[in-house]
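Chains B and L supply the protein sequences, listed in that same order.
Heads up, the first sequence is in my numbering, so the first residue is 1 and it goes up one at a time.
Heads up, the second sequence is in my numbering, so the first residue is 1 and it goes up one at a time.
Rather than coming from a laboratory, the hints here were simulated on the basis of the structure.
It is possible that part of the hints are untrue.
Stated by the list, open to error - Simulated pairs of lysine-lysine, DSSO-like, Cα-Cα distance not exceeding 30 Å:
1. Lys524(B) x Lys150(B)
2. Lys279(L) x Lys3(L)
3. Lys279(L) x Lys156(L)
4. Lys401(B) x Lys374(B)
5. Lys401(B) x Lys174(L)
6. Lys325(B) x Lys374(B)
7. Lys130(L) x Lys120(L)
8. Lys79(L) x Lys279(L)
9. Lys401(B) x Lys156(L)
10. Lys77(B) x Lys3(L)
11. Lys325(B) x Lys306(B)
12. Lys401(B) x Lys120(L)
Claimed, not checked - Some residues of chain B that are not near chain L, with every Cβ distance over 12 Å (derived):
13. Lys77
14. Arg137
15. Ile143
16. Asp351
17. Pro485
Predicted model, so just to flag it, every value in this text is computed and none were measured.
Yeah, the Cβ is synthetic: ideal placement off N, Cα and C, and Gly gets one too.
Letter by letter, the chains look like this.
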Amino acid sequence: MAARNYDAVVIGGGHNGLVHGAYLAKAGLSTLILERRHVVGGAAITEELYPGFQFTTFSYALSLLRPEVIHELELTKHGFMPLDMPSTFAPTEDGDYLFLTGDKGADHHEIARHSAHDADAYTAYSHMMEEVVEAIRPLIDSIPPDITSKDPEERARMAAIGSYLADLPPKTLHNMVRLLTGSAADVLEDYFESDIMQGWLASSGIIGSKVGPRSQGSGLVLLYHSFGEHDGAYGSWAFHKGGNGGFTQVLARSAESFGAEIRLSADVDHVAVDNGRATGVVLADGTEIDAGIVVSALDPRLTFTKLVDPLELPADLVENVRRMKFQGTSAKVNFALDSNPTYPGLEGRSDHYRGFFNIGPSLDYLERAFDDAKYGWYSAKPYIDGAIQSNVDPDMAPPGKAVMSCFIQYAPYELKESDWDTERDPFGDVVQAQLEHFFPGFGDLVLHREVVTPLDIERTVGLTEGNIFAGEFLAPQMFFFRPAPGWNQYRTPIHGYYQCGSGTHPGGCVMGAPGRFAAQQVIKDRSAAS
Amino acid sequence: MIKTSPFHQRTSEANQTGLWSHWAGYLSASRYTASTKFEYYAVRNAAGVFDTSPLHKYRITGPDAELYLAGLLTRDIRKCRPGRAQYTTWLDDDGFVLEDGVVMRTAGDDFLLTTAHANKGFLDDHRLGKSVVIEDVSADHGALAVQGPLSGEIIKHLSPEATDLPYFGVTETKAGSIPVTISRTGFTGDLGYEIWVDSSHAVDLWDRLFNIGTPMGAIPIGEEALQMLRIEAGLLLIDVDFKSSRFAWNDDQRHTLREVGLGWMVRLDRDDRAFVGRKATEQDTPRWVTTGIVVDWQAWDSAYRSRGLIPEKDHAAALGGMMLYDSNVESIGHVTSFVYSPLLQRHIGIARIRPEHSTPGANVSLEVTIDHRYELIDASVTRLPFYDPERKTA
Numbered sequence: 001m002a003a004r005n006y007d008a009v010v011i012g013g014g015h016n017g018l019v020h021g022a023y024l025a026k027a028g029l030s031t032l033i034l035e036r037r038h039v040v041g042g043a044a045i046t047e048e049l050y051p052g053f054q055f056t057t058f059s060y061a062l063s064l065l066r067p068e069v070i071h072e073l074e075l076t077k078h079g080f081m082p083l084d085m086p087s088t089f090a091p092t093e094d095g096d097y098l099f100l101t102g103d104k105g106a107d108h109h110e111i112a113r114h115s116a117h118d119a120d121a122y123t124a125y126s127h128m129m130e131e132v133v134e135a136i137r138p139l140i141d142s143i144p145p146d147i148t149s150k151d152p153e154e155r156a157r158m159a160a161i162g163s164y165l166a167d168l169p170p171k172t173l174h175n176m177v178r179l180l181t182g183s184a185a186d187v188l189e190d191y192f193e194s195d196i197m198q199g200w201l202a203s204s205g206i207i208g209s210k211v212g213p214r215s216q217g218s219g220l221v222l223l224y225h226s227f228g229e230h231d232g233a234y235g236s237w238a239f240h241k242g243g244n245g246g247f248t249q250v251l252a253r254s255a256e257s258f259g260a261e262i263r264l265s266a267d268v269d270h271v272a273v274d275n276g277r278a279t280g281v282v283l284a285d286g287t288e289i290d291a292g293i294v295v296s297a298l299d300p301r302l303t304f305t306k307l308v309d310p311l312e313l314p315a316d317l318v319e320n321v322r323r324m325k326f327q328g329t330s331a332k333v334n335f336a337l338d339s340n341p342t343y344p345g346l347e348g349r350s351d352h353y354r355g356f357f358n359i360g361p362s363l364d365y366l367e368r369a370f371d372d373a374k375y376g377w378y379s380a381k382p383y384i385d386g387a388i389q390s391n392v393d394p395d396m397a398p399p400g401k402a403v404m405s406c407f408i409q410y411a412p413y414e415l416k417e418s419d420w421d422t423e424r425d426p427f428g429d430v431v432q433a434q435l436e437h438f439f440p441g442f443g444d445l446v447l448h449r450e451v452v453t454p455l456d457i458e459r460t461v462g463l464t465e466g467n468i469f470a471g472e473f474l475a476p477q478m479f480f481f482r483p484a485p486g487w488n489q490y491r492t493p494i495h496g497y498y499q500c501g502s503g504t505h506p507g508g509c510v511m512g513a514p515g516r517f518a519a520q521q522v523i524k525d526r527s528a529a530s
Numbered sequence: 001m002i003k004t005s006p007f008h009q010r011t012s013e014a015n016q017t018g019l020w021s022h023w024a025g026y027l028s029a030s031r032y033t034a035s036t037k038f039e040y041y042a043v044r045n046a047a048g049v050f051d052t053s054p055l056h057k058y059r060i061t062g063p064d065a066e067l068y069l070a071g072l073l074t075r076d077i078r079k080c081r082p083g084r085a086q087y088t089t090w091l092d093d094d095g096f097v098l099e100d101g102v103v104m105r106t107a108g109d110d111f112l113l114t115t116a117h118a119n120k121g122f123l124d125d126h127r128l129g130k131s132v133v134i135e136d137v138s139a140d141h142g143a144l145a146v147q148g149p150l151s152g153e154i155i156k157h158l159s160p161e162a163t164d165l166p167y168f169g170v171t172e173t174k175a176g177s178i179p180v181t182i183s184r185t186g187f188t189g190d191l192g193y194e195i196w197v198d199s200s201h202a203v204d205l206w207d208r209l210f211n212i213g214t215p216m217g218a219i220p221i222g223e224e225a226l227q228m229l230r231i232e233a234g235l236l237l238i239d240v241d242f243k244s245s246r247f248a249w250n251d252d253q254r255h256t257l258r259e260v261g262l263g264w265m266v267r268l269d270r271d272d273r274a275f276v277g278r279k280a281t282e283q284d285t286p287r288w289v290t291t292g293i294v295v296d297w298q299a300w301d302s303a304y305r306s307r308g309l310i311p312e313k314d315h316a317a318a319l320g321g322m323m324l325y326d327s328n329v330e331s332i333g334h335v336t337s338f339v340y341s342p343l344l345q346r347h348i349g350i351a352r353i354r355p356e357h358s359t360p361g362a363n364v365s366l367e368v369t370i371d372h373r374y375e376l377i378d379a380s381v382t383r384l385p386f387y388d389p390e391r392k393t394a
């Protein structure tokens with residue numbers, strides 16, 4: 001089959017593949033984005049899995065998307081609509097709750113119901129986190145230097161980072177290091193005394209990661225999630241109109257408006273390499289597509305060991321990628337409900353469902369949930385990051401009905417003496433039982449339940465071991481080292497072959513930064529070569 | 001004494017913030033919940049309900065009603081058929097704008113004029129012997145604006161007869177057993193309706209409306225959200241974007257129809273009416289152009305970050321007084337309404353700019369105060385409205 005030549009082919013139509021393809025097309029490259037499935041979006045899709053109910057099957061909210069991506073790709077012209085999620089609702093173990101609305105004064109009183117100390121501490125903690133986020137932002141929003149390089153320019157960039165850090169206020173630098181190296185619990189216990197504040201805030205330190213709140217490394221995860229920003233409010237989350245599938249449709253329209261072509265149901269078998277240089281891709285059906293630039297939006301394991309023959313690569317890189325930690329530990333259980341559930345004491349209200357609800361009432365609760373995962377099993381009492389999204393976007397469910405997304409931890413990819421095909425439904429039952437515990441009568445409302453295990457994430461989306469970040473957020477897998485030392489600048493040892501997925505700097509979440517930075521490198525290399 | 005709207009029993013239950021403003025002598029909710037943005041998005045994505053009862057309302061009837069209004073209003077009321085409404089203005093003899101408002105023609109000689117300021121004396125004074133009856137019916141009626149993409153669906157269930165109402169159409173109908181007048185009008189730039197009801201039925205209407213609307217995501221919205229919406233829609237607000245000539249102190253504070261961007265209301269070449277201010281309008285050489293400005297988002301952010309501050313993206317509209325300069329730092333105009341638009345992800349403003357600097361795309365500098373220092377931030381001129389969905393008029 002004769003195929004058109006493209007300047008660039010992007011493998012994978014997830015959000016980073018789309019962002020990347022849009023930037024290349026905007027720069028004038030004839031660009032083809034290949035998506036294996038029948039829909040773009042990767043893990044950021046919305047599906048009608050039950051008539052009238054729109055499910056955010058995997059990824060379910062928006063926070064870390066870089067403003068540069070919004071503006072440079074002109075997303076507001078294509079329907080970008082990040083709806084506000086103003087409330088936080090966190091049930092406690094004794095039947096009470098923490099219900100924050102974003103009004104600082106009112107939130108103070110609400111926290112003070114649990115601890116007057118914590119009400120004050122929350123202001124101090126928020127300010128500290130904002131200081132650290134502002135301090136580390138320039139490092140997140142730029143391509144890290146190559147720590148292995150002897151190039152004077154790279155060395156100078158390393159030195160510049162050293163100077164930058166040395167110029168920070170010492171207290172901010174120290175707080176940054178505490179977060180980057182320590183546990184979420186260590187930081188939070190410094191500030192807060194109440195279980196509910198510790199539990200609610202520590203939840204951001206475990207999301208997507210095989211760490212407990214008391215594990216070293218959970219501080220980094222906590223800090224990463226604090227980079228979220230919407231309309232000037234840090235740490236806030238939004239729900240895109242139509243879910244994250246609605247968002248990736250916006251990205252697709254943007255990419256196409258710049259001239260990128262998107263081909264669905266196009267499963268790439270491998271990258272064609274000739275004499276150390278990428279020459280195109282070969283699809284599973286044998287179709288060959290020629291392109292001088294091939295970019296993988298897949299995770300590092302697939303990028304370096306499936307799409308190309310590892311023998312084409314330096315042994316060090318292959319070894320690093322082989323031992324990179326994925327170990328997905330998160331699941332989703334999504335529900336179509338006959339109505340909003342009822343929380344005892346808040347009957348007849350729905351304003352506490354305008355954001356996330358957080359089933360993680362204490363550090364002990366979260367840590368015990370992690371304990372199960374350490375020994376190869378899912379949590380008996382899981383952590384749940386829930387959202388009844390039809391309260392934010394009514395188009396997600398028929399009038400009066402509700403669609404609920406539940407992100408669950410822990411659900412380790414590898415189960416001891418069982419497998420996920422066997423445990424899918426029992427696991428769903430465990431989650432539902434916990435929802436029944438906090439929202440009595442919940443089970444009677446369930447019209448449909450969709451359990452998405454780490455194995456399902458891997459099978460459907462392709463993410464290795466179902467890791468939602470395309471590689472764990474562990475210090476040795478971040479910044480200079482993401483995905484591997486010497487290969488953190490989006491290039492690969494194969495000339496013309498690049499990487500742009502969440503396995504590269506800065507990392508996962510619907511951020512778009514990897515796709516954007518990778519495009520900068522491709523365009524830079526291309527202009528240097530011409 | 002401050003009054004409450006006919007819906008107050010319900011609005012006060014719904015207002016969790018306890019924040020009210022005073023609008024035309026009535027309590028008007030500033031916002032119902034902590035998040036102005038949530039109320040804003042209800043209108044852009046579902047439906048928001050605004051209690052617009054405090055507007056002044058005048059019923060104008062009698063055999064000369066059309067003749068009377070034709071001589072007073074800038075838009076030709078003779079072209080407004082029964083069952084239609086017009087957004088209109090009225091001028092003084094010097095062609096300066098007195099006020100804007102919506103006039104609804106419910107029957108051949110039956111009009112309802114809504115205004116922001118009290119106008120009974122002014123309207124009476126211009127009768128000049130015509131056979132017209134002007135009644136202040138402000139307190140007799142409550143009004144709810146139902147705005148947003150799902151508003152049509154709500155109206156369909158509330159008053160099926162109003163389902164096919166065209167843009168700026170008006171109909172007298174019923175909501176269940178409650179007599180209502182419904183117009184396809186609003187102040188949000190979105191698909192929307194306004195429902196006029198006798199005050200005695202106001203609470204019943206509210207309940208009926210929310211019984212239908214709540215499952216669809218309808219929520220009450222307050223003034224702060226309305227400000228965001230109307231600025232995006234490029235809709236002017238009296239006392240903010242212009243001042244009534246009646247209460248201006250000098251001509252710098254007065255503006256002609258063309259200067260406030262409403263020159264389209266008169267078609268002097270094919271309109272033979274003698275309306276108040278016509279002669280001056282014919283001779284008008286506008287000193288200003290009313291247009292939009294969009295702030296460069298990176299310039300905004302870096303102005304804050306360069307001082308070690310987090311960029312402000314406050315959703316509360318800033319009303320009045322921000323100066324605009326050209327590249328030589330010569331004053332060329334000012335911004336009358338300014339807000340951060342979540343949909344556009346930028347700060348936007350309604351501005352009055354000297355004509356020679358008002359070409360769309362032209363660069364201007366906006367003066368803001370950051371940490372007590374003046375900063376000039378890059379912005380560019382753009383046409384109004386900033387947001388104009390097809391559904392508004394479809």
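Does the structure keep Lys325(B) and Lys374(B) at a Cα separation of 30 Å or less?
holds (15 Å)
Tell me if the straight-line CA distance from Lys401(B) to Lys120(L) falls inside 30 Å.
Distance ~49 Å between Lys401(B) and Lys120(L) Cα, so the pair is violated.
Holds or violated: are the alpha carbons of Lys79(L) and Lys279(L) at most 30 Å from each other?
holds (21 Å)
For a C-alpha distance cap of 30 Å, please report whether Lys77(B) and Lys3(L) respect it.
Not OK: Lys77(B) and Lys3(L) at ~43 Å, beyond 30 Å, violated.
Hinted pair Lys401(B) and Lys374(B), Cα distance within 30 Å:
violated (38 Å)
Exclusion check [Arg137(B) not at the chain L interface, CB over 12 Å]
violated (9 Å)
Given hint Lys150(B) paired with Lys524(B) - CA-CA distance at most 30 Å
holds (20 Å)
Agreement of Lys325(B) and Lys306(B) with the hint, judged by alpha carbon distance not exceeding 30 Å
holds (17 Å)
CA of Lys279(L) to CA of Lys156(L), is that 30 Å or under?
Measuring from Cα to Cα gives roughly 45 Å; hence the hint is violated.
Beyond 12 Å from chain L, beta-carbon-wise, is Ile143(B)?
Fine: 18 Å to the nearest Cβ keeps Ile143(B) off the interface.
Asp351(B) remote from chain L - nearest C-beta pair above 12 Å
violated (6 Å)
CA of Lys130(L) to CA of Lys120(L), is that 30 Å or under?
The given pair, whose Cα atoms are some 16 Å apart, holds under the 30 Å limit.
In this structure, the hints that do not hold are numbers 2, 3, 4, 10, 12, 13, 14, 16, in rising order.
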